[in-house]
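Q: Going down the list, the protein sequences come from chains D and V. Going left to right, the first sequence walks through residues 123 to 241 as this note's numbering numbers them. Going left to right, the second sequence walks through residues 135 to 245 as this note's numbering numbers them.
In case anyone wonders, no lab produced these hints; they're calculated from the structure. Treat the numbers as computed from the prediction; the structure is a model and nothing was measured. We put the beta carbon where it would ideally sit given N, CA and C, even for glycine. Do not rely on the hints blindly, as some may be mistaken.
[Claimed, not checked] Chain V stretches covered by chain D per the calculated footprint, using a threshold of three residues with CB under 8 Å from any CB of chain D:
(1) 168-179
(2) 223-231
(3) 234-242
[As the list claims (entries may be wrong)] Non-contacting residues of chain V with respect to chain D, defined by C-beta distances greater than 10 Å in every case (computed):
(4) Glu149
(5) Ala151
(6) Thr154
(7) Lys190
(8) Phe196
(9) Thr199
(10) Glu210
(11) Lys211
(12) Gly212
(13) Ser217
(14) Asp218
(15) Ser219
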Amino acid sequence: DVKVTQSSRYLVKRTGEKVFLECVQDMDHENMFWHRQDPGLGLRLIYFSYDVKMKEKGDIPEGYSVSREKKERFSLILESASTNQTSMYLCASSFLGLGGRGTSGNTIYFGEGSWLTVV
Amino acid sequence: GDSVTQMEGPVTLSEEAFLTINCTYTATGYPSLFWYVQYPGEGLQLLLKATKADDKGSNKGFEATYRKETTSFHLEKGSVQVSDSAVYFCALTPTGNQFYFGTGTSLTVIP
Numbered sequence: 123d124v125k126v127t128q129s130s131r132y133l134v135k136r137t138g139e140k141v142f143l144e145c146v147q148d149m150d151h152e153n154m155f156w157h158r159q160d161p162g163l164g165l166r167l168i169y170f171s172y173d174v175k176m177k178e179k180g181d182i183p184e185g186y187s188v189s190r191e192k193k194e195r196f197s198l199i200l201e202s203a204s205t206n207q208t209s210m211y212l213c214a215s216s217f218l219g220l221g222g223r224g225t226s227g228n229t230i231y232f233g234e235g236s237w238l239t240v241v
Numbered sequence: 135g136d137s138v139t140q141m142e143g144p145v146t147l148s149e150e151a152f153l154t155i156n157c158t159y160t161a162t163g164y165p166s167l168f169w170y171v172q173y174p175g176e177g178l179q180l181l182l183k184a185t186k187a188d189d190k191g192s193n194k195g196f197e198a199t200y201r202k203e204t205t206s207f208h209l210e211k212g213s214v215q216v217s218d219s220a221v222y223f224c225a226l227t228p229t230g231n232q233f234y235f236g237t238g239t240s241l242t243v244i245p
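In isolation and in its complexed conformation, chain V is listed as follows:
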């Protein structure tokens, strides 16, 4: 069935370090892919999305490229800030009605 696998956390980085959070997926057809972010005590917010192969989603310095050949959608940021500390979820929808989420990766950025 459809599923998302993302790297285990927690991840701890120093400010201005490079971030990669790996995400791979299994899906039939043409899924759309997403990254959501959850700040402490809050719900999930859409960070970025991509709807077809080779699309790059980007927002707030974060980027992810939809790679159909490797079924991946890795999240990257060139220079993280303390305010990026949060839990990040990779997700997909194969139909636009069912949504499948990874288990989340906790990121802590230290000054």
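In isolation and in its complexed conformation, chain D is listed as follows:
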């Protein structure tokens, strides 16, 4: 079974703190993603990475950065946490898609989520 592990399930941080959320996957997936999930808004993509040291902005990258130094690990960084970043953060991974008919059900797998509260 695919395993995507998020290091912290519940965190409480103060405004202005630097926050690291760590994610590790064990399936040799090329793609890794960070989403946040908020009531009524569904999942929103923050950043994704398709290779080591590569990153692409998603829909809501402001206030976040990421790091991918090893293929299996993708970190989300909140440089200066703010109360509007209180949310559930979901890491995910997938194989690199071939595009076109080659999507063949390329599947994204999620971690358990990290609940971050910024006070």
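Knowing the structure of chain D, use the given hints to seat chain V on it.
A: Below, chain V alone, put in the same frame as chain D:
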């Protein structure tokens, strides 16, 4: 652009009732379609998927058929149980690299 629209919730059903959660999509090319389920306090889990038109995905009594003519992928279950209470997300990938999710539909099943 590519997108998924699913029915608004919340949905409340009695045990053994029939479930339908509507999902329609907009995509170019040949997307793969998915349903994910999220139980309270957990991440999303793959429930079922379909990769081409007229494919039927099925798992745990849930089914969904990929309808290209109506661009739909509605989730159905003939008899829901209390343990099916969760949030259900419809999703698609046009390329296998970008994934687009609906906003989720909350289902509560009462005994």
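Q: All hints, please: hold or fail.
A: Evaluated hints:
1. Only when three residues or more bring their CB closer than 8 Å to a CB of chain D does the claim for the segment 168-179 of chain V stand; here the count is 7, and the claim holds.
2. Counting residues of the segment 223-231 of chain V whose CB lies closer than 8 Å to any CB of chain D gives 7, so the stated coverage by that chain holds, three being the minimum.
3. Using a Cβ-Cβ cut-off of 8 Å, 4 residues of the segment 234-242 of chain V lie near chain D, which meets the minimum of three, so the contact claim holds.
4. Under the 10 Å C-beta cut-off, the non-interface status given to Glu149 of chain V relative to chain D holds; the minimum distance is some 26 Å.
5. Listed as a non-interface residue, Ala151 of chain V keeps its Cβ farther than 10 Å from every Cβ of chain D; the least gap is roughly 25 Å.
6. Its beta-carbon lying about 20 Å from the closest one in chain D, Thr154 of chain V satisfies the requirement of being farther than 10 Å from that chain.
7. Separation of Lys190 of chain V from chain D is adequate, the least Cβ-Cβ distance of about 13 Å exceeding the 10 Å criterion.
8. Phe196 of chain V, annotated as away from the interface, keeps every beta carbon of chain D farther than 10 Å; the closest lies near 16 Å.
9. Every CB of chain D is more than 10 Å from the CB of Thr199 of chain V (nearest about 15 Å), matching its label as outside the interface.
10. The beta carbon of Glu210 of chain V sits about 20 Å from the closest Cβ of chain D, which is more than 10 Å, so the claim that it is off the interface holds.
11. Listed as a non-interface residue, Lys211 of chain V keeps its Cβ farther than 10 Å from every Cβ of chain D; the least gap is roughly 21 Å.
12. Against the 10 Å criterion, Gly212 of chain V stays outside the reach of chain D, whose nearest CB is about 24 Å from its own CB.
13. For Ser217 of chain V, the requirement that its beta carbon stay farther than 10 Å from each beta carbon of chain D is met, with the minimum near 19 Å.
14. No beta-carbon of chain D is positioned within 10 Å of the beta-carbon of Asp218 of chain V; the least distance is around 19 Å.
15. With 10 Å as the threshold on Cβ separation, the claim that Ser219 of chain V sits away from chain D holds: the shortest Cβ distance comes to roughly 17 Å.
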